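Colleague: The residues making up each chain are set out below.
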Amino acid sequence: MDFSQTLKIALRALRTNKMRSFLTMLGIIIGIAAVIAMMAVGTGASYVISQQIASIGSNIILVIPGSTTSGGLRTGSGGAQTLTSDDVKAIMNECPSVSTASGTVRSSGQIVYGNMNWSTVIMGGTPELFEIREWPVTSGRSITQQDVDSAGKVCLLGQTVADNLFGSADPIGNIVRIKKIPFTVIGILEGKGQSPQGTDQDDTVFVPLRTAQRNLVRSQRTDSVGALIVKAKSEMVLDKAEEEINSLLNQRHRITNGKEPDFSTRNLSEILAVAEKSSKAMSLLLGAVASISLIVGGIGIMNIMLVSVTERTREIGIRMAIGAKKNDILLQFMTEAVLLTMLGGLIGIALGAGGATIVSKLLGWPTMISIQSITIAFFFSAAVGIFFGFYPARKAAGLNPIDALRYE
Amino acid sequence: MSDVISLTDIRRVFTMGDQQFEALKGISYGVAAGEFVAIMGASGSGKSTCMNIVGCLDRPTSGQYLLDGLDVGAMDPNQLADIRNKKLGFVFQGFNLLARTPAVENVELPLVYAGLNAKERRQKAVIAMEQVGLAGKENNHPSQLSGGQQQRVAIARALVNNPAVILADEPTGNLDSTTSEEIMVLFTALNKKGITIIMVTHEHDVAAYAGRQITFKDGKIISDRPTGRTA
Ligand SMILES: Nc1ncnc2c1ncn2[C@@H]1O[C@H](COP(=O)(O)OP(=O)(O)OP(=O)(O)O)[C@@H](O)[C@H]1O
Ligand SMILES: [Mg+2]
Numbered sequence: 331m332d333f334s335q336t337l338k339i340a341l342r343a344l345r346t347n348k349m350r351s352f353l354t355m356l357g358i359i360i361g362i363a364a365v366i367a368m369m370a371v372g373t374g375a376s377y378v379i380s381q382q383i384a385s386i387g388s389n390i391i392l393v394i395p396g397s398t399t400s401g402g403l404r405t406g407s408g409g410a411q412t413l414t415s416d417d418v419k420a421i422m423n424e425c426p427s428v429s430t431a432s433g434t435v436r437s438s439g440q441i442v443y444g445n446m447n448w449s450t451v452i453m454g455g456t457p458e459l460f461e462i463r464e465w466p467v468t469s470g471r472s473i474t475q476q477d478v479d480s481a482g483k484v485c486l487l488g489q490t491v492a493d494n495l496f497g498s499a500d501p502i503g504n505i506v507r508i509k510k511i512p513f514t515v516i517g518i519l520e521g522k523g524q525s526p527q528g529t530d531q532d533d534t535v536f537v538p539l540r541t542a543q544r545n546l547v548r549s550q551r552t553d554s555v556g557a558l559i560v561k562a563k564s565e566m567v568l569d570k571a572e573e574e575i576n577s578l579l580n581q582r583h584r585i586t587n588g589k590e591p592d593f594s595t596r597n598l599s600e601i602l603a604v605a606e607k608s609s610k611a612m613s614l615l616l617g618a619v620a621s622i623s624l625i626v627g628g629i630g631i632m633n634i635m636l637v638s639v640t641e642r643t644r645e646i647g648i649r650m651a652i653g654a655k656k657n658d659i660l661l662q663f664m665t666e667a668v669l670l671t672m673l674g675g676l677i678g679i680a681l682g683a684g685g686a687t688i689v690s691k692l693l694g695w696p697t698m699i700s701i702q703s704i705t706i707a708f709f710f711s712a713a714v715g716i717f718f719g720f721y722p723a724r725k726a727a728g729l730n731p732i733d734a735l736r737y738e
Numbered sequence: 096m097s098d099v100i101s102l103t104d105i106r107r108v109f110t111m112g113d114q115q116f117e118a119l120k121g122i123s124y125g126v127a128a129g130e131f132v133a134i135m136g137a138s139g140s141g142k143s144t145c146m147n148i149v150g151c152l153d154r155p156t157s158g159q160y161l162l163d164g165l166d167v168g169a170m171d172p173n174q175l176a177d178i179r180n181k182k183l184g185f186v187f188q189g190f191n192l193l194a195r196t197p198a199v200e201n202v203e204l205p206l207v208y209a210g211l212n213a214k215e216r217r218q219k220a221v222i223a224m225e226q227v228g229l230a231g232k233e234n235n236h237p238s239q240l241s242g243g244q245q246q247r248v249a250i251a252r253a254l255v256n257n258p259a260v261i262l263a264d265e266p267t268g269n270l271d272s273t274t275s276e277e278i279m280v281l282f283t284a285l286n287k288k289g290i291t292i293i294m295v296t297h298e299h300d301v302a303a304y305a306g307r308q309i310t311f312k313d314g315k316i317i318s319d320r321p322t323g324r325t326a
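Protein chains in written order, with the working numbering: chain A, 331 to 738; chain B, 96 to 326.
Only chain A is shown next, with the shape it has when bound in the complex (with noise of 0.2 Å):
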């Protein structure tokens, strides 16, 4: 017997009602439905996770000034200026996992250029901070050792300044004032976007580290950094680099046990695994509701065909008296089932890429829907059909051609 008849039959069967096989499908589009959701939020998230990974920087360790420890009164974190340029310079010399460092100071005030203005975040920084930070210039030179040196009153500025001062205008060679203190704009940073926690990391002024402590901050000592920037060498030493670190300022602080450190460090992928925790709990959940609508879809299915094949079985018993084989029926009724469910799974995959759809443009992340979890569900929802659709298909098969005939 043709695949095409048994397509038809089973069609004409589901179509005869209507209402029953649309019920019976819900669990599926459901279940589908979840699942496809859950892909989608899934691998965005986790690519908007890589995105930002990759716009910090891989293998980070930021040392900040003060302690994290809890208990007793302490000066929020970055408040205290304990940390130097020497600092910086002891870590890069003396820790062997670390590849390189660089001091930063940071500060917020306005930026004028002719009758524009901005108010934005300075930070000071060596040419380290740029590599460390996988940060190029689009367009001008970075800051170099000689501007440090130098304290050279020039700057760097983030794509979302240069949009606000400049509009359209190349900004290069022009002066703008940064607290009131002449600049001059030698660069413009490539576009890095929002980081982890949401801040837009192009709405900064970058300024060599001892312009910015000589000149745009207030502190005691003009070799205070405010924080360190420390890259790893790679991802295997990142716990190492931290350990060695610690231990070094440690010692150059004279920290001896029970006395509170005054400094403490965060490793960024420490940060991000949060990030990647919750996104992972949002999947399983949807992954539970997918897979428990699933099974109760398809139990639904096994209970709708098994009440199908009694009501048909005056049907079944015509097909065998007229030369249907027992694998002929037993294939009915699974298409019947796999339509069922495949029809469900297309309806599910429609409604879980629109959810999806809403859900990435809410949020701002690309859509991803990837043909393979199309597939992946597609094939799931053709699954659920043969092994709920089996039992029912089996028994409508072992009629006995006799009773089924006489069946009222």
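Quick caveat, the hints were computed from the structure, so don't treat them as lab data.
Heads up, some of the hints might be wrong.
[Unchecked claim] With a straight-line cut-off of 30 Å between C-alpha atoms, the simulated DSSO-like cross-links for lysine-lysine are:
(1) A:Lys338 to B:Lys214
(2) B:Lys182 to A:Lys656
(3) A:Lys338 to B:Lys288
(4) B:Lys182 to A:Lys725
[To be verified] Listing some non-contacts, in silico: residues in chain A with all C-beta distances to chain B over 10 Å:
(5) Asn494
(6) Asp533
(7) Arg644
Predicted model, so just to flag it, every value in this text is computed and none were measured.
All residues carry an ideal CB built from backbone N, CA and C; glycine is no exception.
Using the hints, position chain B with the ligands against chain A.
Modeller: Structure of chain B with the ligands alone, referenced to chain A:
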């Protein structure tokens, strides 16, 4: 032996719980190709039980059944399905058509399981419907046909795969006498074309259309004689 059907000492014992009931107590008869046989007998005498065995829907508890010289007892269920499909045609008292399915598709059904393609199926089905006088009713659903017309559809379905034998269990049982007569005229015409027919009936005037009459009683044959009417 040129018999299409040959039964030798067929017995059928039904077991219900610890009770046993022998519905057929040694049935033997042969049917030659082209014969038209009527089977009669009181209710419960085993006519249908015997027809089911002849129709390969049921197996005898003991005895030998040769169809076209082939031993049916040795066949597996798939082979039996093939026999039902290709060598036998069934006509039932209750018509047994598929509801919500056009007449012509009901007629095509045996050809579907025979593996013919859609075009061949339709061609043969239309011819079979013409043969039973239902040309033009191809697309009517069974519910849109009279009882007699439904039985004609069933006969067309039985005919369509050119079977050696048509088995009819009380084909006129649900029909009035005029319609019964029309069906019997149709059967006679088919028989004249060479199709072997075995028919169970309770009505003597229906049985009179056959060339031979076998009478059952309590699972045995009590008479087997020509009706006098030549086929
Ligand atoms: N599946 C079965 N299980 C048990 N007993 C059965 C079964 N089928 C038939 N019988 C018994 O076998 C006997 C013969 O039944 P059968 O249907 O062959 O009678 P019949 O001659 O066709 O009667 P009718 O003219 O009323 O159709 C009856 O006594 C019936 O009760
Ligand atoms: Mg009977």
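Colleague: It remains to establish, for every hint, whether it holds in the given structure.
Modeller: How the hints compare with the structure:
| no. | hint | verdict |
| --- | --- | --- |
| 1 | A:Lys338 to B:Lys214 | holds, 15 Å |
| 2 | B:Lys182 to A:Lys656 | holds, 19 Å |
| 3 | A:Lys338 to B:Lys288 | violated, 35 Å |
| 4 | B:Lys182 to A:Lys725 | holds, 27 Å |
| 5 | Asn494 | holds, 71 Å |
| 6 | Asp533 | holds, 69 Å |
| 7 | Arg644 | violated, 7 Å |
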